[in-house]
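*Asks:* Could you put the whole structure together from the sequences, leaning on the hints where they help?
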Amino acid sequence: MIETDNLTKKFGDLTAVENVSLQVNDGEVFGFLGPNGAGKTTSIRMLCCLISKTSGNARIGGYEIGDKKDSLKIRKMIGLVPDNVGLTEHLTAYDNLDFYGKIFDCTESQRKENIKRILDRLGLWEKRNVLAGKFSKGMKQKLAVARALIHEPQILFMDEPTANLDPEAAKTVREFIVELKKEKKTIFLNTHNIDEAQRICDKIGIINTKLHAIGTPKDLEQKVRGKKTVVSLEHVNNKILDALKSLPLKNLTIAGNKVIFDVVDPDKENWAAVESIVLAGGHVNLVNVVGSTLEDVYLKLVRESE
Amino acid sequence: MRLSKAWLIARRDFKIFGQQKNIWYSIFIFPVIISVLFPAILQFAGQRSRGLLTIANLPNLLDSFSFFIVIGAAFIPLGIASYSIVGEKIEKSLEPLLATPLTDGEILLGKAIAALLPALVVMYAGASVFMVGVDAVTSGKLGYNYFPNLTFAFLLLVLVPLAVIMSVLYSVIVSSRANDVRSANSYSILIFLPLMAIYFASEIRIITLDITGFLIIAGILSAFDVALFFIGTKAFQREEILTKWK
Chain V
71 MIETDNLTKK FGDLTAVENV SLQVNDGEVF GFLGPNGAGK TTSIRMLCCL ISKTSGNARI
131 GGYEIGDKKD SLKIRKMIGL VPDNVGLTEH LTAYDNLDFY GKIFDCTESQ RKENIKRILD
191 RLGLWEKRNV LAGKFSKGMK QKLAVARALI HEPQILFMDE PTANLDPEAA KTVREFIVEL
251 KKEKKTIFLN THNIDEAQRI CDKIGIINTK LHAIGTPKDL EQKVRGKKTV VSLEHVNNKI
311 LDALKSLPLK NLTIAGNKVI FDVVDPDKEN WAAVESIVLA GGHVNLVNVV GSTLEDVYLK
371 LVRESE
Chain G
74 MRLSKAWLIA RRDFKIFGQQ KNIWYSIFIF PVIISVLFPA ILQFAGQRSR GLLTIANLPN
134 LLDSFSFFIV IGAAFIPLGI ASYSIVGEKI EKSLEPLLAT PLTDGEILLG KAIAALLPAL
194 VVMYAGASVF MVGVDAVTSG KLGYNYFPNL TFAFLLLVLV PLAVIMSVLY SVIVSSRAND
254 VRSANSYSIL IFLPLMAIYF ASEIRIITLD ITGFLIIAGI LSAFDVALFF IGTKAFQREE
314 ILTKWK
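In order, the protein sequence lines correspond to chains V and G.
My numbering applies: residue 71 is where the first sequence begins, and numbers increase by one.
My numbering applies: residue 74 is where the second sequence begins, and numbers increase by one.
Warning: the hint list may mix true and false statements.
So the derived label-pair ranges between C-beta atoms look like this [unchecked claim]:
hint	chain 1	residue 1	chain 2	residue 2	range
1	G	V202	V	Q180	44 to 52 Å
2	V	T124	G	G292	41 to 49 Å
3	G	Q310	V	T286	54 to 62 Å
Using 30 Å as the maximum straight-line C-alpha spacing, the simulated DSBU-like pairs for lysine-lysine come out as follows [to be verified]:
hint	chain 1	residue 1	chain 2	residue 2
4	V	K186	G	K214
5	V	K80	G	K88
6	V	K254	V	K139
7	V	K204	G	K214
8	V	K328	V	K298
9	V	K280	V	K320
10	V	K197	G	K94
11	V	K207	G	K94
12	V	K143	G	K88
13	V	K297	V	K309
14	V	K207	G	K214
15	V	K204	V	K182
16	V	K80	G	K165
17	V	K370	V	K273
18	G	K214	G	K88
19	G	K88	V	K197
20	G	K162	V	K172
21	V	K139	G	K317
22	V	K273	V	K255
23	V	K204	V	K241
24	G	K88	V	K182
Read the hints as simulated data drawn from the structure, not as lab findings.
For every residue, glycine included, the Cβ atom is placed at its ideal position computed from N, Cα and C.
*Replies:* Spelled out as structure tokens, the structure:
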């Protein structure tokens with residue numbers, strides 16, 4: 071549904087997005103995770119045919135971005151929730167949506183039906199005749215989501231839809247995205263909220279100008295940094311430490327009565343470590359294997375890229 | 074270019090203007106001044122100084138007066154166009170609009186219609202009142218109704234639209250650089266310079282405000298319009314708006 075191949079955008083000497091290649095399948099929620107200024111908004115703008123690419127290629131629903139005729143077709147099949155909600159504040163919620171429905175050639179009955187359905191789901195139907203400028207931040211964000219959906223697009227681009235929202239409003243927007251996911255909409259979600267990406271997205275790309283990693287949240291946690299073993303002991307003494315140091319364990323650290331080290335193959339490495347501890351007179355209470363969190367992965371990749 | 078889409082944008086803008094009192098003031102102030110004040114000045118001047126308004130100099134004076142309709146026509150769209158574009162900039166509502174299947178040309182045309190139509194309608198209405206008022210005051214002296222005449226018809230049907238188009242295009246360019254309506258309006262005032270220059274040129278007899286003079290002015294305004302059209306359409310492009318508009 072969305073495919074990019076070495077997509078690059080330069081503004082003069084500044085490279086905003088460099089050689090980004092990714093694929094988002096039909097019905098997938100893709101999270102583009104990166105810090106501010108990482109090129110997330112620029113990427114969305116290129117994919118929505120709002121700004122030109124410098125090099126590389128991208129296709130949305132089989133249509134090529136950068137091609138004038140295809141650009142119009144792409145803009146017809148997508149919905150965009152920009153980072154700034156960009157509502158017409160002097161129009162009512164209903165008129166905001168009705169205007170966009172007309173632009174997308176929705177018939178009057180389609181517009182009426184869609185506005186009612188979407189505003190109802192977002193809890194805004196009762197407020198339909200209120201000027202958008204009088205809405206709270208959360209309501210405005212919801213209305214911006216509604217506007218992007220008014221023509222029932224196959225693909226939805228959302229640029230940090232929960233940024234600057236209070237927890238309750240952010241939760242409502244997230245729940246709505248999950249509902250859209252159930253409807254098999256393809257969603258491209260820009261965010262710097264790791265928890266949000268992990269909870270909502272099927273696939274995540276970590277970007278900081280370049281795409282540093284891509285995969286499912288689980289893939290990223292395991293593939294990028296591997297796992298850790300945490301061995302809880304009755305007590306740790308020098309004999310046990312010496313025994314462990316004689317083994318090829320990576321990043322061995324002691325935290326209280328816990329021994330922590332990185333593992334690639336837990337079955338093999340943990341057995342050797344436990345055997346050494348027991349032979350050194352130690353008493354093992356618990357052996358636990360934990361994966362790196364997505365946050366660990368994100369921070370590591372972003373720091374490395376800076 | 075689909076006119077229906079441009080019209081959609083214009084209609085939405087009309088709806089927004091309906092709630093903006095400031096815009097209404099800027100639309101009505103000039104036509105009211107021209108249509109009421111000028112006949113009143115003539116009436117007053119005629120009563121105070123009978124030698125000033127003679128049959129010989131009245132036609133020249135009336136032609137000079139009528140040129141203020143062109144200047145007024147250029148004034149009206151300034152507030153509307155500035156608000157219409159800078160307002161969207163402030164509300165950041167251009168990005169979602171640009172993400173629709175509308176072309177840059179359709180959006181720009183919609184904005185232009187929204188500024189152009191009220192200006193023309195109000196100015197023509199003001200000009201009609203102006204004609205009736207001036208005729209009422211001067212027909213006794215002249216022995217006939219001076220308006221309507223061919224020169225005035227040329228002014229209304231050619232010069233006024235050209236001045237309005239110039240003003241709209243200029244406002245688009247200014248709005249692309251301005252961050253608020255007030256600063257956009259202050260820069261927009263510069264559009265009066267060429268028109269005032271023409272008026273003063275007529276006062277010192279470099280140009281005459283008759284049909285020949287109006288033809289020359291129409292040529293000058295057309296040249297301005299073409300130049301501003303190219304600059305304006307270059308300023309109003311998706312990438313330019315999203316990356317360079319401050």
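*Asks:* All the hints need checking, so say for each whether the structure fits it.
*Replies:* Each hint, compared with the structure:
Taking 44 to 52 Å as the suggested C-beta distance range, the pair G:V202 and V:Q180 conforms, at roughly 45 Å. Between V:T124 and G:G292 the CB atoms are about 43 Å apart, so this pair conforms to the stated range of 41 to 49 Å. Roughly 39 Å separates the CB atoms of G:Q310 and V:T286, a value that falls outside the hinted 54 to 62 Å. Restraint check: the Cα-Cα separation between V:K186 and G:K214 comes to about 67 Å, which exceeds 30 Å; the hinted pair is violated.
For the given pair, V:K80 sits about 39 Å from G:K88 by alpha-carbon distance, which is inconsistent with the 30 Å threshold. Using a Cα cut-off of 30 Å, the hinted pair V:K254 and V:K139 holds, with the two alpha carbons roughly 27 Å apart. Between the alpha carbons of V:K204 and G:K214 the distance comes to roughly 59 Å, so the proposed pair goes past 30 Å and is violated. Taking the CA atoms of V:K328 and V:K298, the gap is about 12 Å. The hint holds against a cut of 30 Å.
For the given pair, V:K280 sits about 29 Å from V:K320 by alpha-carbon distance, which is consistent with the 30 Å threshold. Simply put, V:K197 and G:K94 have alpha-carbon atoms about 25 Å apart, close enough for the 30 Å limit, and the pair holds. Between V:K207 and G:K94 the alpha-carbon distance is near 26 Å, which keeps this suggested pair within the 30 Å criterion. Of the supplied pair hints, the one linking V:K143 and G:K88 holds, its CA atoms being roughly 29 Å apart against a limit of 30 Å.
For a cut-off of 30 Å, the pair hint linking V:K297 to V:K309 stands: about 26 Å separates their Cα positions. Taken as a hint, the V:K207 and G:K214 pair is broken in the structure, with Cα atoms around 66 Å apart against an allowance of 30 Å. Between V:K204 and V:K182 the alpha-carbon distance is near 22 Å, which keeps this suggested pair within the 30 Å criterion. For the proposed pair V:K80 and G:K165, the alpha carbon gap of about 23 Å is at most 30 Å, so the pair holds.
At roughly 18 Å between alpha-carbon atoms, V:K370 and V:K273 fall within 30 Å of each other, so this suggested pair holds. Restraint check for G:K214 and G:K88: the C-alpha separation of about 46 Å exceeds 30 Å, so the hint is violated. In summary, the hint linking G:K88 to V:K197 is supported, as the alpha carbons are separated by about 19 Å, within the 30 Å threshold. Taken as a hint, the G:K162 and V:K172 pair is honoured in the structure, with Cα atoms around 22 Å apart against an allowance of 30 Å.
For the given pair, V:K139 sits about 24 Å from G:K317 by alpha-carbon distance, which is consistent with the 30 Å threshold. In summary, the hint linking V:K273 to V:K255 is supported, as the alpha carbons are separated by about 14 Å, within the 30 Å threshold. Simply put, V:K204 and V:K241 have alpha-carbon atoms about 21 Å apart, close enough for the 30 Å limit, and the pair holds. Pair hint G:K88 plus V:K182 holds up; C-alpha atoms about 19 Å apart against a cutoff of 30 Å.
Consistency note: the structure conflicts with the earlier hints numbered 3, 4, 5, 7, 14, 18.
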